[in-house]
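Sequence lines, in order, name chains A and B. Going by the numbering used here, the first residue of the first sequence is number 622, and it counts up by one from there. Going by the numbering used here, the first residue of the second sequence is number 6, and it counts up by one from there.
Bear in mind the hints are in silico, worked out from the structure with no lab data behind them. Bear in mind the structure is a predicted one, so any value in this text is a computation, not a measurement. Watch out, some of these pointers could steer you wrong.
As the list claims (entries may be wrong) - With the Cβ distance kept under 7 Å, some of the chain B side facing chain A (calculated, not the full set): (1) Q11; (2) D15; (3) Q125; (4) S131; (5) N132; (6) G140; (7) A145; (8) P218; (9) A260; (10) S265; (11) A266.
Said to hold, decoys possible - Per the computed footprint, the stretches of chain B lying under chain A, defined by three or more beta-carbons under 8 Å from a beta-carbon of chain A, are: (12) 31-45; (13) 115-122; (14) 211-217.
Stated by the list, open to error - Here are the in silico distance ranges between beta carbons for each label pair: (15) B:D190 / A:N898: 44 to 50 Å; (16) A:N1020 / B:G152: 48 to 54 Å; (17) B:P138 / A:A808: 51 to 57 Å; (18) B:L170 / A:E941: 44 to 50 Å; (19) B:A266 / A:N898: 29 to 35 Å; (20) B:M6 / A:N898: 27 to 33 Å; (21) B:R133 / A:E941: 25 to 31 Å; (22) A:E1017 / B:E109: 41 to 47 Å; (23) A:D719 / B:V187: 51 to 57 Å; (24) B:L278 / A:E1017: 39 to 45 Å.
For every residue, glycine included, the Cβ atom is placed at its ideal position computed from N, Cα and C.
Now for the letters of each chain:
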Amino acid sequence: MRIRKLSGFAVLTVIAIGVSACGTASSSSSTSSSTAKSASTKTPYKIGVIFDTSGPGASLGSAETRGAQLMIDKINASGGVNGHQIDATFADGTSQPDRAVQLAQQMISAGDVAILGPSLAASCEAVRPLIEQAGVTEYCLSGAPFTWSPHFFATDFDPVTNLGTLPAYWMKEHGYTKAACIATSDASGDAYSKSFAATAPKQGVSIVDTEQFQSGATSVATQLTNVRSSGAQAIYGCVSGSNLATIINGMQSLGMNQPVWSGTGAASYAVANLVKNNLPSGGIYSLGTYIVVPNEIPANLPGGAAIKSYVASYKAKYNEAPDELGANAADAVSLISNALGHGATNGSAIATFLQNLHGFQGLNSVYSFSATNHRGTTPPGLVIQFTPQGSFKIVEKLNVAAALGS
Amino acid sequence: MAEFLQFTIDGVTLGAIYGLLALGWVVIFRVSGVLNLAQGSFMVIGSLTVASLANQERWPLVLAILTALFATVMVGVTLDVAILRPARSGGHASSVIITLGVAEILGEASRHLWGADPLQLSGFLSNRAIHVPGGATVTAQQLLVWGTTAVLVGLLWLLFEKTLLGKALAACAQNPDGARIVGIDPKWMRTVAFVLASALAGVAGVLIAPTTPIGWDSGLAFGIVGFIAAVLGGWSYPGAIVGGLLVGLTENYVAGYISSAWKDVATYGVLLLVLLLRPEGLRGLSRTRPQQKAESGTATAIVLPQMGQPQIDGPAEEMPIATREA
């Protein structure tokens, strides 16, 4: 009898924990303009936000949620867009395309004029037919390669340039003519390895070995043993997230010290903290933006003050340093609110406005869109190095024009 | 030769971790008939707990390790006492569904507790390469994994061979009704099995924590590899370790000599072959007398071992699952 009571108590405890967790999740789905609504009598602008805060894309969606929420709060606190609050409905896409479609249908039915997200390419593509049919603008948060359609926009820099041309150009500039690519066997790894394979030969860099491993694998020592035998002078970690740490751990255990070029998806503070004790003597480098190195922002940098303000607000609110993912989401909010502020108050008008927008200063880039370029970004060419303190420092600025022209 | 040696060293390290997970599967299954798909989640909780306490909260390492093991054991005991015990009598399918659900819940709970980013324990043993004859390298952490696994296998042998508790566990594995008659409570023996299995997973979690980032969603994949090792090992205790080593070595040789894209194909292919051709796994390979084949007719009968094996490596006595679960 006592055991049964004990069991019952434990079950109730588990249920209570579960309920509290569910409560947390549902509250994040609530609208974010409630506190400021009373200050404005104008009808709020409704947008939907589908970020993947659970499932394999959780680390992306969590950072994006923080960045978007911060920017929405800032806009609403300053009076909204021409007096209209932004009424954003946040929802978890769960990294599942079918869930993202379900949520997008609900948001379109609710009258949302734009949808930010999802975080993953597959989910973005799944949502695309719906938004095109309904005439709602989608601002996908994936940096994967896309073809463009009228209402479909995406974040980040051109993948071939960012993942292929510039890393290969950096290797050429440093005299590394033999490189190995170690990639995850998923869409992200494919994007890196294919972009690199397509551009490295043009820069005079030969790829002497390409290895693959499953994202989340605990060891890549086997693949690195092959890389070690290949004579590669530099290693391209064609990976996102903590997979870079798995590579770095393996390199250390095998006594490998080649310079490593990190995929941009791994250049976050979370990963920098994972690898800070195991840095190879050749160093780890990647492309970055000033978001991750706010202390090195030049005094005359356009938008520099806004970046510093964003970083300070982010640290104050979340007690951690921001990375590019959150800034991409914040930029997406700024772009949509800019369109709304210029009278583009329905999905098709927002898409048309964005397509014709030039020179918009965001946190991660200056945005200039066109009918054939729905990213609108130009990579700054900043090369950052991972430091033993778990942070980054700028080590050089690549000549992007020269890289693209060569 | 250097490559082969390197693949072997890394394969043995990975295999030792898989072996510890497989031992947990075997302990629980043999004592209670429960297939615990949350076994890998126990390991992840051990890893995340020790990494967060030692790195972020700056706890002394030993205290962080002990707390991680305690937390892992508590999760295991809670699963048994609060969830499986009231749900008893549903058979293997029931335990699979329940523990699968628990694995999912533990994964999401871990994400809420520790965040979406993986954690790695730093400041344990050096991960620097030690060059060994033959051109390969080994690390102090790898040596610790090997040594700890060997010690734990020895302790388990002592437990099952030399202690009353071990004999009581073996009695429950062989005949729960008979055990009950002589005053052994199979319910509590199952709880003891969960304590052992979750502690083994916790140790595996602590051992792997300094070598790789562990994320909240890693549990199920680890658990399934542990299951494969247990099946390969014929659900015997020594077989679990050998099965783990075989899986680790197979993964590394295939990834190294063929392609890492075929690593999982090889692992699951070996599992299928074993299930089709030798469902009793490695058990009995060295024996002269023929082994009884598992009853055919259901998938469960093919995958699961013959029941009742009181000795640590003794021959199995046939016991239908229906009787075992009565």
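Evaluated hints:
1. Q11: holds, 5 Å
2. D15: holds, 4 Å
3. Q125: With a closest approach of 5 Å, the B:Q125 hint holds.
4. S131: With a minimum Cβ separation of about 9 Å from chain A (threshold 7 Å), the hint on B:S131 is violated.
5. N132: Hint holds; B:N132 Cβ to chain A Cβ min 5 Å, cut 7 Å.
6. G140: violated, 10 Å
7. A145: violated, 10 Å
8. P218: holds, 4 Å
9. A260: With a minimum Cβ separation of about 4 Å from chain A (threshold 7 Å), the hint on B:A260 holds.
10. S265: At 5 Å from the nearest chain A Cβ, B:S265 passes the 7 Å test, so the hint holds.
11. A266: It holds, given that the least Cβ distance between B:A266 and chain A is near 6 Å, below 7 Å.
12. 31-45: violated (count 0)
13. 115-122: holds (count 5)
14. 211-217: Coverage by chain A holds for the region 211-217 of chain B (3 residues, Cβ < 8 Å).
15. B:D190 / A:N898: 44 to 50 Å: The hint (44 to 50 Å, Cβ to Cβ) holds, given that B:D190 and A:N898 are roughly 48 Å apart.
16. A:N1020 / B:G152: 48 to 54 Å: holds, 53 Å
17. B:P138 / A:A808: 51 to 57 Å: violated, 42 Å
18. B:L170 / A:E941: 44 to 50 Å: holds, 47 Å
19. B:A266 / A:N898: 29 to 35 Å: holds, 31 Å
20. B:M6 / A:N898: 27 to 33 Å: holds, 32 Å
21. B:R133 / A:E941: 25 to 31 Å: holds, 30 Å
22. A:E1017 / B:E109: 41 to 47 Å: holds, 46 Å
23. A:D719 / B:V187: 51 to 57 Å: holds, 54 Å
24. B:L278 / A:E1017: 39 to 45 Å: With a Cβ separation near 53 Å, B:L278 and A:E1017 fall outside 39 to 45 Å, so the hint is violated.
Figure legend: structure checked against the earlier numbered hints; hints not met, in rising order: 4, 6, 7, 12, 17 and 24.
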